[in-house]
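Asker: Read off the chains here:
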Amino acid sequence: MKPTLSLLDREQIQQIQQAALDLLKNVGVKIASEPAEALLREAGQEFDASSGAMRISQDLVEQCLATVPSQVLLAGRDESRDVMLGTGKVHTCLDGQGMYTLDPDSGQRRPSELADLVAATRLSDALEGVDYLWPNVVPTDVPQTVRTYVESAVGFIHTSRHVQHEIKEIGEVPLLLEMFDILLGDRRRHAERPIFSVTCCPVSPLQHEDDMTTASLELARNDVPVVVMPMPLAGATAPVTLAGTLAMLLAEFLSGVALYQLARPGLPMILGIGGTILDMRTGLYSAGAPELSLLNIAMTEIGRHIGVPVMAQGLVTDAKAPGTQAAYEKAINATSAFMAGSDVINGVGLIDSSQLLSFEQMIIDDEMTNMLHRVERGFEIDPEHLMLDLIAEVGHGGHYLGQRRTLAHMKKGEHFQPKLSFRGAYQVWQDSGYDEVAAARERASKLLKEHEVLPLASEEEKALEELIARADPEARVDLHASCFGR
Amino acid sequence: MAANDIYEEIMQCIADGDEDWARELAQKGLDEGVSPLDLIENGFTPALRAVGERWDTGSIFLPEMILSADAMKAAVRVLQPALQEAGGGAHDMKTCVVGTVKGDIHDIGKSIVGALVEASGLAVIDLGTNVETELFVNAVRERGSCVIGLSALLTTTMVEMKIVLDELAKAGLRNQVRVAVGGAPVTQAFADEIGADGYAEDGMSAMHLIQELAAGLDPAPGESMSKVA
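First to last, the protein sequences are chains A and B. Read in the working numbering, the first sequence has 107 at position 107, and its numbers run on one by one without any break. To convert, count from 1 in the second sequence and add 486; that's the working numbering.
Do not take every clue at face value.
Said to hold, decoys possible - Lysine to aspartate or glutamate pairs mimicking EDC-like chemistry, simulated, CA-CA at most 20 angstroms apart:
(1) B:K648 / A:D141
(2) A:K320 / B:D688
(3) A:K320 / B:E687
(4) B:K559 / B:E494
(5) B:K588 / A:E169
(6) B:K588 / A:D210
(7) B:K588 / A:E34
(8) B:K559 / B:E527
(9) A:K30 / A:E11
(10) B:K588 / A:D211
(11) B:K588 / B:E653
Hints were generated in silico from the structure; no laboratory data involved.
My request is simple: use the sequences and hints to build the entire structure.
Answerer: Below you can see the structure in the form of structure tokens.
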């Protein structure tokens, strides 16, 4: 049993798929990365001199799609926390990468720091409703020279779950691979234990930029799963219509499939659904738009059809503070992605169009995710669960509270138990002055005090520190700083 | 036909965002002996500013604004030769140079800002995306005193903004320009750190910021557009 939400029939899926293939064949994609473009040329693809784009044939796309695995393992440092995508189960992760943090003490927005990333990573490790990490804020106080290494190391130290992140340029690849040596004993083990996956966003309309693409290709060659996440904005960097935006999003993804499968056939890949609309009143990216839900549902179905796991933006919002708008936008977008069966839903903890980290929101999103998992789980129908014998026994009137089987099923999780929602009586609520955002902040603070992350071996942590020091001897970073209770 | 009638038509044509009509009206104005500067100052600029105000109050959508700005651009291209002949023209308008810095091919942010700034009455030169630092410096050499609007969408490319500022200083041009920065990863703190003159978080605030920065520029010789800037 599983609640499902569907939008497209088979014919409509094929219509969008064919539109994307036609776009690749007739318009092509512009590729700033030379090694990436070379891969397509070597595969006999045509360069269109008038537009500077590479046209990609349907044959090549189909050949490359055939080698993409339908299931993707995202391994954790702790094997019991491995995530397998493509099984029909929905997972949740954080969202990369905000530039600001709502300071938990002052409540004010400020540029995000390493101490925020450390705290958010540790808190995410404590949350049941999170399946893996995407470093969710940029530590703006860490020099650029070491930022990628520091962000990744924070992930490896402060959570035992999988780490998904982006890489900025090819110069960062060697040290990142050295991190795999440190953590896995040998980087070649990454093929079977992929503890790191990389996200790379094509630039709509129909472009792949240089540095991140070149670097991600190199990681792909080293068995790092790749999330290709096109982010077309309907009406601005894509057609205003959702059908046109879907066709472009899929074309950009499929061009990524061609690139990465040519670089490393069989590479595990994820279709990142980053599309939404540009808000035509403000000229800004909108994360809270209901159209984002439609793109998520449709692209999830298309992903399933072509046999590639998808990551949807689900727990996303334009709201500037945790509260009503954040709750309804995230709930609508996350619920629809959940019911559509997206393999991963991202967004835990970020607000303000994924620009601002709120620790309170991390707790609220965890609550929401756990409720959605309860809905996803459905319920059983069999004699034990129909309980006809018990209904006959209790008869008319009376109650079930005193029945052992009531208690037994409660313990087995028939009813969800909220950690945050207030279900008490009105007078109790009023007298206690209960405020869910304040309660969320307290819970975050408590979890950060009490939760213990499975520790990384001290020599491994030391090796990571040395690696960072080697990258930039001037850089001073405290990998254990925390923004809580300073 | 009285000049007032053509101004009314220009008002309508810019509101409609009709490029062909804008070109026709520009030509018609010239044929009827209206000076190109008058056509801009009393026709196209107020018309586009009116559209900008409607967007500011939320009564129209962004694409209407962009279409109107494109129509104005088309008209100015028709008027350009006559303006130069008259020994002045677009070079007298306060100018804003916009571009996305080197290594970054994100286009949309600076394009929206460019259109809004144009609607506010400044001349806009859009250098495009992935712009070599040298091109910003050359633009200042060519135009003289101006505002530069720099955009970056990546944490790795925003550092190029500092390089543009450094190169402007090296070329001895820093005091002739005001530099505004923006884009998703850019913060006020970063703007302060690199010594930019301003930072804005969205298109509308960027337009107001650039207007303010332009107002603070020394008037160029032969300045004639200050009353509309």
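Asker: Taking the hints in turn, state whether each one holds.
Answerer: Hint check results:
no., hint, verdict
1, B:K648 / A:D141, "holds (17 angstroms)"
2, A:K320 / B:D688, "holds (14 angstroms)"
3, A:K320 / B:E687, "holds (13 angstroms)"
4, B:K559 / B:E494, "holds (18 angstroms)"
5, B:K588 / A:E169, "holds (14 angstroms)"
6, B:K588 / A:D210, "holds (11 angstroms)"
7, B:K588 / A:E34, "holds (17 angstroms)"
8, B:K559 / B:E527, "holds (14 angstroms)"
9, A:K30 / A:E11, "violated (29 angstroms)"
10, B:K588 / A:D211, "holds (12 angstroms)"
11, B:K588 / B:E653, "holds (13 angstroms)"
Of the numbered hints given earlier, the model fails hint 9 alone.
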